[in-house]
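Novice: If you want the building blocks of each chain, they are given just below.
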Amino acid sequence: MIELDKVSYGYGGTALFSQLSLTLAPGSFHFLTGPSGAGKTTLLRLCYADLRATAGKVRIFGQDAASLDRDAVAMSRRRIGVVHQDCQFLDHLSIAENIALPLTVSGREQEVSGNLQELLNWVGLGPQANQLPPQLSGGERQRAALARAVIVSPEIIIADEPTGNVDWEMSQRLLSLLVELNKMGKTILIATHDLAMIRSMKADVSARVLRLKDGQLMQAGSEL
Amino acid sequence: MRAFLELIVGDQQADRAVPPTGMTARLTVFVAAVMAFLAIIALAVSLTTTRVANVWAEELAQSATLRLPADPATADALLLSALDVLDTTPGISRVRALSSDEQKALLEPWFGPDLPIESLPVPQLIEIVADGDGYDIEGLRARLSAQVPGAILDDHTAWRAPLVEAASRVRVIGWFVILLIGATVAAMITLAAQASLAANVQVIRVLRLVGAKDVYIARAFVRRYTLRAGGGAVVGAILGVLALQFMPQGDASGSLLMGVGFEGGDWLWPILIPLLSAIVAFFATRAAAFARLREQT
Ligand SMILES: Nc1ncnc2c1ncn2[C@@H]1O[C@H](COP(=O)(O)OP(=O)(O)OP(=O)(O)O)[C@@H](O)[C@H]1O
Ligand SMILES: [Mg+2]
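From first to last, the protein sequence lines stand for chains A and B.
Note that this note's numbering has the first sequence beginning at 112, numbered continuously upward.
Note that this note's numbering has the second sequence beginning at 3, numbered continuously upward.
For the record, the hints were derived by calculation from the structure and aren't laboratory data.
Note that the structure is a prediction, hence the values are computed from the model and not measured.
Glycine included, C-beta positions come from ideal geometry on N, C-alpha and C.
All clues given are correct.
FRET-style restraints, in silico, Cβ to Cβ:
hint, chain 1, residue 1, chain 2, residue 2, range
1, A, 240, B, 28, 28 to 34 angstroms
2, A, 125, B, 292, 30 to 36 angstroms
3, A, 313, B, 299, 31 to 37 angstroms
4, B, 21, A, 314, 45 to 51 angstroms
5, B, 201, A, 186, 26 to 32 angstroms
6, A, 229, B, 201, 34 to 40 angstroms
7, A, 221, B, 267, 43 to 49 angstroms
8, A, 319, B, 299, 27 to 33 angstroms
9, A, 125, B, 299, 17 to 23 angstroms
Coverage of chain A stretches by chain B, computed from C-beta distances (three or more under 8 angstroms per stretch; other residues unrestricted):
hint, region
10, 192-206
11, 213-222
Between the sequences and the hints, there should be enough to build the whole structure, so can you do that?
Specialist: Given below as structure tokens:
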């Protein structure tokens, strides 16, 4: 579904990583760990064409990301649900409207009513539906971001620290939603430093755990 | 055209996605109204000038004046032979010697009502009105100089030409002013749209991240500015038309400054101006939006 082939990326001349390869096969489940500043967020942004690789090839749904025009980028983003580390909401719209945004911008407003309430309840935000994003706690915003990522029932879900600010119980619940979606055939990629959470999930899902450090992507093992 | 219609029908969601901006919105409406007002005035002056000049040119082209020497001894004989010449000239539909009362009325503005015109050597005037095709002026001059010595034929070309010339200049300037107004509206809308695009960088980023295409985002801005420019121009055009109602009215053939306003088909213009303003805003915002969006991932 997404393929990074000897990809390099750096900000302002200094390379963050180079010659990095990763394949997200359909239905696969990946965790991406690594120290803060290692480039996890950067790697995820390459996957949804928010950044362009300085070298190597990124293939999204089989197409070279560098050759996609702006409309094609928009179209492929509709097939990828993303939980951003900094949430990225429209602060003048209610939480409910924010969660429905991927549907409204793609002309699928009529699907909003069916999915929205169920999803709000699932992430426990029913009472906050009409509040504005700045009025919510960090954890509540992350839950809303996850709800927004899955509302279009995307083929791939990419989540950047989706459980960073939520308590253990809630993070278990959010993760089990992702595991559920994976069982339905969705491809999942989660960046997190929360090793305890990964450990708790290992029984439920056959996930690969990758570690990004010093520009190298490795299979994680001993520390788990 | 389809894009334009879709806009009027509207997409409330796209509209909601971009937060409203109070100050830019009000200023845009205000400037659009002022520009429409000015355009109406410029149009009215230009159209009225054209109309009046046409009336004058037509009337003057058809009429001429023959002036006979003011010699009491020969006056009657000259008048008779002059009328004889004119009657036998093809292309003249009407000939009329002015009565002494009429001649007195012509002089009254200069000499007052008590002028003893009978005792003064005042030249006799004869009014000549041509028919549709007109007559041969040079031929008439030649015959008059042979048979009516001292008669002077004035066909008004001398003062008709500069009048028509002036009117056409006023018209050209009027259209140029309207063009400038259109360009100003385009420039103002572009600036306002750029400012609001720049203020909404984060909003645009979020919309792009959730899969919005450029047209969707552009439409939210385009719709706004098109409606503002159109709405403001409606108000300005109405005020402009109202202001023209305060001009003293007179018949169009009278003074140029009388009856500045619209007549008949001219009334299309006050309706067209808000539409043109909206169209200019549509394309200006669209261009600004796409230029801006191309710079953002
Ligand atoms: N827009 C940017 N411009 C310049 N440098 C950047 C930019 N974004 C990130 N960086 C740098 O790139 C490095 C990797 O950033 P990134 O956000 O990918 O790390 P991360 O692994 O996600 O960290 P964390 O776990 O803290 O979220 C950091 O050193 C950061 O300072
Ligand atoms: Mg990060």
